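Colleague: Chain by chain, the residues run as shown.
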Amino acid sequence: MDARAPSKPLVRMEKITKRFTGVTANLDVDFDVRPGEVHALLGENGAGKSTLMNILYGLYRPDSGVLTIEGKDVSFSSPRDAIASGIGMVHQHFMLIPSQTVWENMILGLEGLSSVLPKRAIRERILELSSRYGLSVDPDAKIWQLSIGEQQRVAILQMLYRRAKILVLDEPTAVLTPQEAEHLFVTVRQMTSEGHGIVFISHKMDEVMGLSHRVTILRKGRLVGTVDTASTTKEKLAEMMIGQKMIFSIEKKELQPGKPVIECASVCALGDRGIPAVSRATFMIREQEILGVAGVAGNGQQELCETLVGLRKVESGAIRVNNEELTNSIPKTFIDKGIHYIPADRKGTGLVPNMNVSENSILKRYWSRAVSKKGFIDWKEVFSFARGLVSRYNVSTPSMETPVRNLSGGNLQKLMLGRELSDSPIAILAVHPTWGLDVAATKFVREQLLAAREAGCAVLLVSEDLDELLAMSDRLAVMCKGEIMGILDSPAETPVEAIGLMMAGTPAEEALASAPRGGGKS
Amino acid sequence: MEILIPILTAAVRSGTPILYATLGEIVTEKGGILNLGLEGIMLLGAYAGFAVSYSTGNAWLGIAAAFFVGTLLGLVHAFICVTLKGNQVVSGLAMTMFGTGASSLLGRNFVGFTIPGLNKIPVPLLSDIPVIGPVLFNHDALIYCSYALVFFLCWFFNSTRQGLYLRATGDNPRAADAMGISVAKTRYFYTMVGAGIVAVGGAYMSVAYTKMWAEHMTAGRGWIAVALVIFAIWNPARAAFGAYLFGGVEAFQLRLQAAGTTIPAPILMMLPYLMTIGVLLFISIKKGKGIVFGAPASLGLPFFREERD
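Taken in sequence, the protein lines are chains H and F.
Heads up: the first sequence at position 207 corresponds to 207 in this note's numbering, and the numbers run straight through without jumps.
Offset between the second sequence (1-based) and this note's numbering: plus 1000.
Calculated directly from the structure, the hints in this document are not laboratory data.
Nothing false has been slipped in among the hints.
Which residues of chain H face chain F? A few of them, derived with a C-beta cut under 7 Å, are:
(1) 79
(2) 80
(3) 83
(4) 95
(5) 96
(6) 97
(7) 99
(8) 104
(9) 108
(10) 109
(11) 113
(12) 115
(13) 116
(14) 117
Just so we're clear, the structure is a prediction, and the values are computed from it rather than from any experiment.
C-beta atoms are modelled at their ideal positions from N, C-alpha and C, and glycine is treated no differently.
Excised from the complex, chain H in its bound form (with noise of 0.2 Å):
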């Protein structure tokens, strides 16, 4: 460690242990927080990372555990007694609210604030922090007019006004380009400078090596054991992270592919809010290819899919599928067509979560002769087509009458993808189809993917994580604020700066002549 660490710390977790039904998210977790250090807490979706952060928030109570705070225990029966501790997080989906201004926001639940609310003296002391911190924004700015950058700022700002020593970030970085992040990454060397203690929630072994002064590796719960940023390297975290080897190799074959199954030309679609999403977006799939799109969150890649497959109305332009112009077509008419849809919100739009798995297996098929007859199903045939699909996907589920909202997150895929590639599509749109799972169902998923491409499926995949992507597509499109920036047409050899200064907003010739060449041609 560093020398400008000193030895007390400022909070101290020993021996944290939480169980929700069924499952342990925290098993004696120990973790600790000094002065001055980026403490990175590392570890995959589900490891415990945000339920440990969340109970040192005051939102959880562990069942056991002790939780020290410069010496002293304490005990938070909520984030009030947090926040009055000096402890700030910055949660993933930000806590603020929409209807409000950056002002309001900012003084929520504050102590000690007259009745009738002081607004220029708020505004200053948003002015100040904003300046001292790089945070710019616009305090009497309504929180829903903010990009999810700003929106960002804001949250840190939040727990920077109400004088947290100890800051919570919990994946910053997920909605963020990677220009933005770095930005982000100045505002906390400011922090740490003044003395304050960051923790950094991440699972992305870059930033972590970049930025922390000690990691926290947390695996299905349990504490794997802090180190040194000094002393380790990405491969050893990696390895502490996952519990063994890292493999991240895919077996995919070289295919040639074929006419295009789906063609998009100048689509434009608007968001829940009525703002544009989607903005001339031209581009074709073809049989036999993954197409790749990358880019933050919230950039319109949603909306897309939703407009392929009938769930958004395109404002204009027209999409074609097999050369028959579907575009506003309904829902059904491209099921039908064979065009399938794994949405990123299992358990909104993919599944119903109350009914039970043979009854979710028959939901885009229940008009079907198999399953039903003159209006009536078939319960027999329906049971015996989900145990088919069970047994197939290597589903885990107690019996085919189980609620789905039982279900873990990688079942739920398992039993999603199951139901859209058992009906022969020609293209399947899949989005963050591997968010949230662990290793083996991660790698499950894409297997899956990758054969329904080699049996001349056009594939679309939306994924969040860089890797996925170059590993998995045949070209990747990269979309910004609704626009496609460009396609590559070989991602794995697109030096992945350019893919940023795409996902920044930059056009595809630009951002590959400015960024470093990394291997051949793109």
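Mind docking chain F on chain H? Use the hints.
Modeller: Chain F in isolation, oriented as in the chain H frame:
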């Protein structure tokens, strides 16, 4: 003008109970709790107001009693919705049925009596202004209180810390909780106060408007108030406009009927409801175009802190 002044004066009088009910419901809903029990709470408020005024001879004690009864009903609703995390619609409907039945039962012995109730107190100077004076400033004190309440609530929601916390709780309880605001306490408090204000609206019916008690005397005004909350898009000033509009139409159609018009009365009585539907349509059309209205985003949703999503 001669014909208009009595109509406008009557509009304010008959709009006041609806105004109180609407304001009370706005207070409740701002915190994210939907209370559909207005009709029942108004009826019990009307009963309590009348009974206590009659027994003590003091109309203000009656109104205080109505407020108290309202807060008790609000407490029950909050217990069901916040602590038990029950269904707010069901709890509210139960409250309406309970209030309707209980007030009829309790009020049997008071049917046919009258009380002196609240009397007109013209405001010096202000009541001498032409038109505005007689229309707005020649009423009983409870009407003046409703004016004050409208201004107070507008200011409270937008310019005070507690108002801000209340709105935050209704919009995003998860964020409010993470910022150290107690969602449960906030919701309990404003559900109780809101229901108290609603009950005062009921008491206005019996203590000031009719000065008597009759079964089902609110005649659906609680439901009109539920619609007016949406009409007013959760804004107290608009609520006043809506309530007086309704009161005005009621007064107007009574006079038209008295004058022997050929337009059927039910058509006239429909007008405020039609307007409410129109406004609902307007809001839902505009909503798709990125305009944010005052609806609390988490209205009707219980809050579980440790729910994982």
